[in-house]
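Could you slot chain X onto chain W? The hints should help.
Residue numbers (this note's numbering), protein chains in the order written: chain W, 241 to 455; chain X, 119 to 329.
These are computed hints drawn from the structure, not numbers from a lab.
Just to be clear, a hint being listed does not mean it is correct.
Stated by the list, open to error - Selected chain X positions facing chain W (Cβ under 7 angstroms, derived; list incomplete):
#	residue
1	Leu175
2	Tyr200
3	Tyr204
4	Asp251
5	Thr296
6	Glu299
7	Asp306
What you are looking at is a predicted structure, and each value in this text was computed from that prediction instead of being measured.
Each residue gets a CB set at the ideal place from its N, CA and C atoms; glycine is no exception.
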Amino acid sequence: MRKSKIRFLIFLDLVCTILSCNQYRHMQRISSNASCIQKFKPDFSHVVYRTSVDVIGKHISGILVVKHMSDSSTRMVFTNEMGFSYFDFGFPPDSGFKVYQIVPQMNKEGLIRTLRKDFELLLFRNMENSKYYALTDSGLIYHAFPQAEGVNYYITGSNCLQLVKMQRASTKKPVMEAFIYGGSPGIAPDSISMRHFNISHFSITLKQITTPAAQ
Amino acid sequence: MFKSISLVSFLFCFLFSVAQYQGYTLLNHPETFKKSFTQATATTESIKSDFKQEKSLSMLSENINSTGKFWYRKNDKIRMEYIQPYSYIMILNGGKIFTKEGQKENKISANSNKVFQQVNRILIDCVGGSMLDNPDFQSHIFENSGTYLVELIPIAKNLKELYKNINILIDKKDYTATAIEMFELSGDKTIIRFQNKVLNAQIKDSVFNIP
Numbered sequence: 241m242r243k244s245k246i247r248f249l250i251f252l253d254l255v256c257t258i259l260s261c262n263q264y265r266h267m268q269r270i271s272s273n274a275s276c277i278q279k280f281k282p283d284f285s286h287v288v289y290r291t292s293v294d295v296i297g298k299h300i301s302g303i304l305v306v307k308h309m310s311d312s313s314t315r316m317v318f319t320n321e322m323g324f325s326y327f328d329f330g331f332p333p334d335s336g337f338k339v340y341q342i343v344p345q346m347n348k349e350g351l352i353r354t355l356r357k358d359f360e361l362l363l364f365r366n367m368e369n370s371k372y373y374a375l376t377d378s379g380l381i382y383h384a385f386p387q388a389e390g391v392n393y394y395i396t397g398s399n400c401l402q403l404v405k406m407q408r409a410s411t412k413k414p415v416m417e418a419f420i421y422g423g424s425p426g427i428a429p430d431s432i433s434m435r436h437f438n439i440s441h442f443s444i445t446l447k448q449i450t451t452p453a454a455q
Numbered sequence: 119m120f121k122s123i124s125l126v127s128f129l130f131c132f133l134f135s136v137a138q139y140q141g142y143t144l145l146n147h148p149e150t151f152k153k154s155f156t157q158a159t160a161t162t163e164s165i166k167s168d169f170k171q172e173k174s175l176s177m178l179s180e181n182i183n184s185t186g187k188f189w190y191r192k193n194d195k196i197r198m199e200y201i202q203p204y205s206y207i208m209i210l211n212g213g214k215i216f217t218k219e220g221q222k223e224n225k226i227s228a229n230s231n232k233v234f235q236q237v238n239r240i241l242i243d244c245v246g247g248s249m250l251d252n253p254d255f256q257s258h259i260f261e262n263s264g265t266y267l268v269e270l271i272p273i274a275k276n277l278k279e280l281y282k283n284i285n286i287l288i289d290k291k292d293y294t295a296t297a298i299e300m301f302e303l304s305g306d307k308t309i310i311r312f313q314n315k316v317l318n319a320q321i322k323d324s325v326f327n328i329p
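Isolated chain W, as found in the complex (with noise of 0.2 angstroms):
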């Protein structure tokens, strides 16, 4: 009888904690167009970032060069100050993600499927409007298009008219919070921050450079 009853308050509590961790489930569905966020995709087709990761503790900063190519594919190398390139991505065209190289220290499944879709978010790709729906909550409007594994968030003002932030959930909660600062149609933003709950300290920070032709 005793048993019982502690597996009892032990699913109960489960079950709290469970529905109190949804950030999302209180928030209404509504009706919303998945095309009027694609104002805000942020112009990549030439850029060069100056970049500084912190994660638990570490400090890494460099060179993020995003490029267009001809072939439709997006390109992203970071490369240290002194010019050794940590990693090489490609994202071609509609779908997929190919890295082209990768220092050992940096290659992990984990650390590349994150990047990977810390950048998806960034590119404003995987978005399917059948699978589109929208939420609202505090006068925002969370464009929801879901992903392999989880959603992606474009949060904009209730008249869509502003781009607030960006969010990588999963089913519940926010793993990751982006934010893009400046740039406009065909102009590449200025800054863009990016910041994980999930990892103790990991945010990365992008600011815009113009690097000085050589001589």
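Just chain X now, kept in the frame of chain W:
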């Protein structure tokens, strides 16, 4: 007969395994160079210079250029201060590496990480002139009218995963490095060119201080 074929094959393989650089010829007897180089670097206590760095991303047809100031003091102290297009300071002092990016400071013990230790040693060896003694590399020396080209091919496994080869261009006039060229396996390369060099300049200790 078998011995002759083997010898010819060996010579053929050797000649074609050594890279060729346009305008340069391979030194068949590098001992003379090594002797002069060792004598010249022995008298160089410090170097102060400007530098220009060019990173070429081959697949992206993209160059990232940066400029800055460089300081070296015998035997193991280097400071590289990037000024354009970003501010970044790197100090190598003894077994420690210090970096500063904006307000963000980072200290790494090169001794705690073998790759850092090796990359650290490459820079110091290239500037300080001890690269020919580095057991992590196999070296070949080429020359043209004004320059020696020291080609370093990694032997150490972890460096082989990072670099195809590293070349150091040495001015025949004063035996100092005028450029370091780092070739990665991906085809990307980084060239650091040293300009306005001042040898044996007075450099304050604080330049190499790691806070």
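query: Any of the earlier hints contradicted here, and which numbers?
result: Those not satisfied are hints 4, 5 and 6.
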